[in-house]
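Student: So the chains spell out like this:
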Amino acid sequence: MHQTFTYPKYAYRRPQELDGAGPARRPVVVVGAGPVGMAAAINLRLHGLPVLLLDDDETVSVGSRGLCYAKRTLEVLDRLGVGDAVVDKGVTWNVGRTFFGEGEVFNFNLLPEPGHKRPGMVNLQQYYLEQYQVARCESAGVEMRWRHKVVAVEPGADGVTLQVRTPEGDYALQADWLVVCDGARSPVRTMLGLDIEGQVFRDRFLIADVVMKAQFPAERWFWFDPPFHPGQSVLLHREADDVWRIDFQLGWDADPDEERKPERVIPRIRAMLGDERAFELEWVSVYTFQCRRMARFDHGRVLFAGDAAHQVSPFGARGANSGIQDADNLAWKLALVVAGRAPARLLQSYTHERGWAADENLMNSTRSTDFITPKSAASRTLRNAVLQLARAHPFARKLVNSGRLSVPSFYVDSPLNTPADAPFEGAMEPGAPMDDAPVVHEGRPGWLLEHAGGHFRLMVYAEDAAVLDVEALQALRGDAVPVELLVVTPRPGAAAPAGATVLHDAQGLVARRYDARDGSAFLLRPDQHVAARWRAPDAARVRAAVARATGNHAPA
Amino acid sequence: MPLQTQPNFHEPGRRYHRDFSPGDDFYQLLIDTHRDLSDEQSALVNAKLVLLLSNHIGDIAVLREALQHAREGV
Numbered sequence: 308m309h310q311t312f313t314y315p316k317y318a319y320r321r322p323q324e325l326d327g328a329g330p331a332r333r334p335v336v337v338v339g340a341g342p343v344g345m346a347a348a349i350n351l352r353l354h355g356l357p358v359l360l361l362d363d364d365e366t367v368s369v370g371s372r373g374l375c376y377a378k379r380t381l382e383v384l385d386r387l388g389v390g391d392a393v394v395d396k397g398v399t400w401n402v403g404r405t406f407f408g409e410g411e412v413f414n415f416n417l418l419p420e421p422g423h424k425r426p427g428m429v430n431l432q433q434y435y436l437e438q439y440q441v442a443r444c445e446s447a448g449v450e451m452r453w454r455h456k457v458v459a460v461e462p463g464a465d466g467v468t469l470q471v472r473t474p475e476g477d478y479a480l481q482a483d484w485l486v487v488c489d490g491a492r493s494p495v496r497t498m499l500g501l502d503i504e505g506q507v508f509r510d511r512f513l514i515a516d517v518v519m520k521a522q523f524p525a526e527r528w529f530w531f532d533p534p535f536h537p538g539q540s541v542l543l544h545r546e547a548d549d550v551w552r553i554d555f556q557l558g559w560d561a562d563p564d565e566e567r568k569p570e571r572v573i574p575r576i577r578a579m580l581g582d583e584r585a586f587e588l589e590w591v592s593v594y595t596f597q598c599r600r601m602a603r604f605d606h607g608r609v610l611f612a613g614d615a616a617h618q619v620s621p622f623g624a625r626g627a628n629s630g631i632q633d634a635d636n637l638a639w640k641l642a643l644v645v646a647g648r649a650p651a652r653l654l655q656s657y658t659h660e661r662g663w664a665a666d667e668n669l670m671n672s673t674r675s676t677d678f679i680t681p682k683s684a685a686s687r688t689l690r691n692a693v694l695q696l697a698r699a700h701p702f703a704r705k706l707v708n709s710g711r712l713s714v715p716s717f718y719v720d721s722p723l724n725t726p727a728d729a730p731f732e733g734a735m736e737p738g739a740p741m742d743d744a745p746v747v748h749e750g751r752p753g754w755l756l757e758h759a760g761g762h763f764r765l766m767v768y769a770e771d772a773a774v775l776d777v778e779a780l781q782a783l784r785g786d787a788v789p790v791e792l793l794v795v796t797p798r799p800g801a802a803a804p805a806g807a808t809v810l811h812d813a814q815g816l817v818a819r820r821y822d823a824r825d826g827s828a829f830l831l832r833p834d835q836h837v838a839a840r841w842r843a844p845d846a847a848r849v850r851a852a853v854a855r856a857t858g859n860h861a862p863a
Numbered sequence: 003m004p005l006q007t008q009p010n011f012h013e014p015g016r017r018y019h020r021d022f023s024p025g026d027d028f029y030q031l032l033i034d035t036h037r038d039l040s041d042e043q044s045a046l047v048n049a050k051l052v053l054l055l056s057n058h059i060g061d062i063a064v065l066r067e068a069l070q071h072a073r074e075g076v
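Line by line, the protein sequences give chains A and B.
Residue numbers for the first sequence follow our numbering, so the first one is 308 and each next one is one higher.
Residue numbers for the second sequence follow our numbering, so the first one is 3 and each next one is one higher.
To be clear, the hints were calculated from the coordinates, so they are not data collected in a lab.
From a predicted model like this one, the values you see are computed outputs, not experimental measurements.
Idealized CB from N, CA, C, for every residue including glycine.
Be a bit skeptical, because a hint or two may be false.
Unchecked claim - Short derived list, chain B residues pointing at chain A, Cβ under 8 Å: (1) Gln8; (2) His12; (3) Glu13; (4) Tyr18; (5) His19; (6) Asp26; (7) Tyr29; (8) Ile33; (9) Ser56.
Unchecked claim - Covered by chain B, per the in silico footprint, the following chain A stretches (three or more residues, Cβ under 8 Å): (10) 677-683; (11) 705-718.
Given these sequences and hints, build the entire structure.
Tutor: Structure follows, in structure tokens:
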């Protein structure tokens with residue numbers, strides 16, 4: 308098969324433990340150097356923790372696998388330092404089109420309004436993302452160990468003992484905290500005897516990476532019952548390097564070994580393209596999927612993230628995207644706990660918030676699957692009725708479900724939220740993922756999200772930054788959980804109060820998207836979710852909200 | 003009042019963060035109602051549903067328009 312990508316080989320190194328040396332305990336060990344494990348490792352490292360990352364392999368993911376990286380994920384990757392690499396190499400798209408039989412019935416735009424740094428979606432083969440993350444792990448100082456396989460796990464009250472197998476022998480490792488990102492089959496989860504419950508969908512899909520020169524636009528195209536693959540669905544995505552992802556629904560009775568043979572795959576693609584253009588297969592796989600989650604993601608000193616904790620159908624790109632958001636939610640909480648600035652119970656909110664997100668992802672992807680692969684004649688008739696009505700009737704277009712693409716969850720029921728002190732309009736309520744907006748910083752145009760995240764921040768909207776009484780708010784920077792001050796003003800060229808960042812809301816979009824007026828303030832979490840908002844903030848209220856958002860507030 | 007063909011699903015007391023959510027809530031309810039039924043049973047459920055909703059709408063001019071749209075392309 309053709310190869311557009313050369314798989315790197317990361318060197319195994321003999322660990323010092325095999326020679327009886329090495330630190331007795333590690334504060335954090337991450338298992339699994341996939342997109343989620345590396346997102347967790349980089350994030351924890353950026354919080355100043357020493358991080359050891361173990362992986363049983365020596366290269367990146369084989370095949371394109373996780374392909375669509377959503378706006379929210381790109382914003383997380385920006386904070387980790389790999390966002391630009393992903394966007395530069397990947398294929399940006401916002402529009403998805405849905406066809407039924409011969410004609411288009413519906414299209415959607417993931418980002419219908421301008422004024423956001425990142426697009427709705429970027430397609431990039433998973434191996435590129437992983438390659439960029441490996442480089443970032445190295446530059447950030449994450450200790451990476453390739454061909455180090457965890458073969459036994461013994462959890463204790465204040466740590467975990469691991470047995471690790473290398474090509475040169477086994478060694479033991481003590482970890483205060485273990486972050487498990489070892490994928491859907493999660494050997495660590497199995498070793499611990501933990502359950503993951505849900506259902507297997509009785510359908511099979513063929514996935515092919517095809518190298519060809521084609522003029523299809525950078526859009527997601529989805530066919531229900533197309534003439535070239537009657538009775539089933541087909542999905543087309545553009546990838547980097549003139550590679551195209553084509554997904555064919557095969558049905559449950561298909562023979563996976565037969566279907567992945569080139570003599571079976573090539574005619575399907577030929578029929579779809581409808582012409583004699585040249586193409587080559589790069590990677591072919593036949594897959595089934597499950598929808599399931601663990602009841603809890605935090606198990607004492609062992610924390611699960613990504614596919615190890617929950618799995619969804621691929622329709623909606625909610626796998627890798629949700630896993631990277633798991634890591635983003637977990638890292639700041641774990642960093643505070645390790646530093647002794649938050650109690651361990653803060654990690655219960657990781658299960659609460661990301662369990663909520665997993666349920667939302669499971670619900671949306673299961674609904675998509677039910678629409679795409681109806682399980683009964685009645686269900687199929689209803690689906691086809693929706694598709695037929697969609698040509699003429701707007702309400703039916705809204706019901707067409709070829710995948711509800713990954714968007715971040717609103718943690719509106721999170722115990723970390725503080726209710727507002729007065730009415731607000733708009734979506735930026737406590738628990739909401741922050742909306743981006745264009746701003747000007749020190750005369751240069753940029754984006755709000757470039758100035759949020761990493762720490763807690765208090766974003767204060769002020770008509771006149773100079774008259775803002777910031778002294779009390781600036782004192783928050785000296786707290787055990789420091790809160791940086793971010794002033795947003797509609798006036799250009801305002802001087803920054805000492806120690807604060809001042810952003811000019813040049814287009815008024817911060818004010819509009821946050822319903823911010825003179826004096827409004829927002830407590831922003833390290834993962835760019837809103838924790839609280841006020842019309843009349845004061846330092847005591849902010850401190851109480853920070854205490855609540857870090858589990859330091861005694862639960863009622 | 004003419005037949006409503008714009009998106010119109012909602013539920014009192016519920017807030018939605020995504021515009022596809024109310025329609026998807028309805029569609030899941032509909033599919034779940036048919037779960038584990040035979041084809042014949044499903045057809046009967048659909049027929050009863052049409053009758054119940056028709057009576058709820060009441061306005062025969064609206065129903066006439068809906069019936070015409072439903073017949074198109076079949």
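Student: Evaluate each hint against the coordinates.
Tutor: To see whether the hints hold, each was checked on the structure:
no.	hint	verdict
1	Gln8	5 Å, holds
2	His12	12 Å, violated
3	Glu13	15 Å, violated
4	Tyr18	10 Å, violated
5	His19	5 Å, holds
6	Asp26	5 Å, holds
7	Tyr29	6 Å, holds
8	Ile33	6 Å, holds
9	Ser56	17 Å, violated
10	677-683	holds (count 3)
11	705-718	holds (count 6)
Comparing the model with each earlier hint shows violations of hints 2, 3, 4 and 9; every other hint is respected.
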